[in-house]
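A.B. asks: Protein sequences, first through last, are from chains S and P. Just so we're aligned, residue 143 is where the first sequence starts under the working numbering, counting upward by one. Just so we're aligned, residue 10 is where the second sequence starts under the working numbering, counting upward by one.
Treat the hints as calculated values from the structure; they're not laboratory data. Keep in mind that the hints are not guaranteed to be accurate.
Claimed, not checked - Quick look at which bits of chain S chain P covers, simulated, 3 or more residues with Cβ under 8 Å:
{"#": "1", "region": "338 to 347"}
{"#": "2", "region": "413 to 425"}
To be verified - DSS-like, lysine-lysine: derived pairs with alpha carbons at most 25 Å apart:
{"#": "3", "chain 1": "S", "residue 1": "Lys152", "chain 2": "S", "residue 2": "Lys382"}
{"#": "4", "chain 1": "P", "residue 1": "Lys35", "chain 2": "S", "residue 2": "Lys286"}
{"#": "5", "chain 1": "P", "residue 1": "Lys63", "chain 2": "S", "residue 2": "Lys286"}
Glycine included, each C-beta is placed from N, C-alpha and C at the ideal position.
Spelled out from the first residue to the last, the chains are:
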Amino acid sequence: MALDHPVLTKRIPTPPWGDPRDRKLIDIDMYFDTGGYEGLKKAMGMKPNAVVELVKEAELRGRGGAGFPAGMKWSFLPPVDGDRRYLAVNADESEPGTFKDRLLLDYDPHLLLEGIAICMHACQLDTSYIYIRGEYHQQAKTLKYAVNEAYENKIFGNESLLGQINGRMPQCYVHRGAGAYICGEETGLLESLEGKRGWARIKPPFPAVAGAFGRPTIINNVETLAMVGPILELGVNWFKSMGVPRPDGIPSTVPASYGPKLFGVSGHINRPGIYEEELGIKMSHLIEEFCGGMRDGAKFKSAIVGGISTGVIGPDDYDAQLDFDVGAKYNCLGLGTAGVIVMDEHTDMVAVARNIAQFFSHESCGQCTPCREGTHWMYQLLSRIERGQGYAKDIDLLHEVAGSMGALPSGQGSTICGLADGANWAIRTIVDKFRNEFETRVKKKPQILQSVESVNDG
Amino acid sequence: MAWIVKNSATMQIERREDPYLDDELKKMLETEVIPRFPSRQAATLPVLHAVQHKHSWIPYQALEEAAEFLETSASQLLDTASFYDDFWLNPKGRYLIMMCQSVSCELLGQMDLLESIKAKLQIEPGQTTEDGKFTLMTVGCLGSCDTAPCALVNETLHENLTTENFGQILDGLE
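Starting from the given sequences, assemble the full structure and let the hints guide the process.
C.D. replies: In structure tokens:
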């Protein structure tokens, strides 16, 4: 399997089709000239509901981490009641190892804006906010420029071709975040949008029913919305011709892994970068064909498949198939953002675990005790093990602490949002798959017992 | 996330005559930012960004002025402002160095890079040089893992850093 032609990177030169050095910002004229906004045109000729049904039929799954089917999310909206409804675009790309949305924002922002316009029409949303992370200064500027172009060309604004939605003309605003990972969680994002600290909300109610400002709200990732235009333009069958279909006998309610996907590869490889391929591509193919192989010819040891939250896969999983089932097959949390971090044989896995624990300990918002305290203690334990001052029992303790936090059953449902699930899975998968590395680093018994024994032996 | 520790009972707020949120800024925010949202409080992040952009940090007096402008309480605004790493409630150096310490960056030598910058500037992360030129911070991930290690200096991203080229970049700053 291999992609015939680039989809999301159609206008962004990317190997094997183009040279990254030729990349430049696609302005709205260039976008129109290369078939841009054709999907929107098609959507405008359809009833809003028909667009939702089409996206549902395409089984487009969210590209932001959780992989929830976008069409399904859209269909959860209550009937229109004439009052405001919102679209919040999640461009708060903060998951370590993830840099795919930046590529789209840097070079082809209209691909996103087209998806936004289609979504606003389909779901009857009158206002959209693009929540972009504070650190993306240049990207926010590019996006504002592109939004202005879209206003001038009547995509949004008081002369918008979309016409009135909920009795209002559609608006699109760029909203800058301020350096908080938790604001990438959808309800944390909404709180932040409302001007508060980014604490995740208890669900239900889900945002589709009561989201931003208590009104129905759709929250989608940048790449998910960027995919909507091409689906409208080229059709469901085209989209489903790529990726991994459902195996025989699996009910149609279980979503499959269709379509192309951006993979951001970094770490110990020769050519790190963003590459576009069908879902289901083997990681070894990604590393060897796109990334020029392992750096310095070193041996592969481990990889984080989709941002650090997803945890690691082991040395035997070099050929792992990267689709939405990667979690079940290789015992990690899932495909996440498909930000792959490749690690070679010289990597110290204890240090990797410490790095990850430090991140979550800093970024835990402090709302739920298991996460606030647990991430901190994991960081302390891992730092101690890394310094060679840990004890054998610390490894089990680490496992126990990790397994006690998270919104999923694996974290005992002890937290409101999934941040702790990321910390939990990342640490547990590293400890489980590389336990020998931890064991060689720890002292066998607490110091005081050792000294008592040596006295007795003497 | 940040937790603030302050002595509310005895703390004195330094005040000045000129408002931080002056009429010009207020007018801009009123026409360009406030109409975007159904509530004034929702404009908190854009307002704080605007104040910080103008003054480099957000003094308590500015928070009070912003609270009045947003028709919310100063304590609510402090609650929000103190939550976000990007908002500075204390003065910072003219150049803010945010060094990425993601897994990708650490795999490719971020630790050595950090040590060299610490030695060069004679400060630890979180501190500002005596001359007020540089503030050094370490951050989670800057979203540029393909060009690791990387760092933001104010609004400019520097990629594929080494101890040599990053030292030169910092030397080249006024």
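A.B. asks: Each hint needs a verdict: does it hold in this structure or not?
C.D. replies: Consistency of the hints with the structure:
1. For the region 338 to 347 of chain S, the proposed coverage by chain P is satisfied: 3 residues have a C-beta within less than 8 Å of a C-beta in that chain, meeting the threshold of three.
2. Coverage of a stretch by a chain is defined here by at least three residues with a beta carbon nearer than 8 Å to that chain's beta carbons; for the region 413 to 425 of chain S and chain P the count is 3, and the condition holds.
3. In summary, the hint linking S/Lys152 to S/Lys382 is supported, as the alpha carbons are separated by about 18 Å, within the 25 Å threshold.
4. Between P/Lys35 and S/Lys286 the CA atoms are separated by roughly 21 Å; this keeps the pair inside 25 Å, and the hint holds.
5. A hinted pair counts as satisfied when its Cα atoms are at most 25 Å apart, and P/Lys63 with S/Lys286 qualifies at roughly 20 Å.
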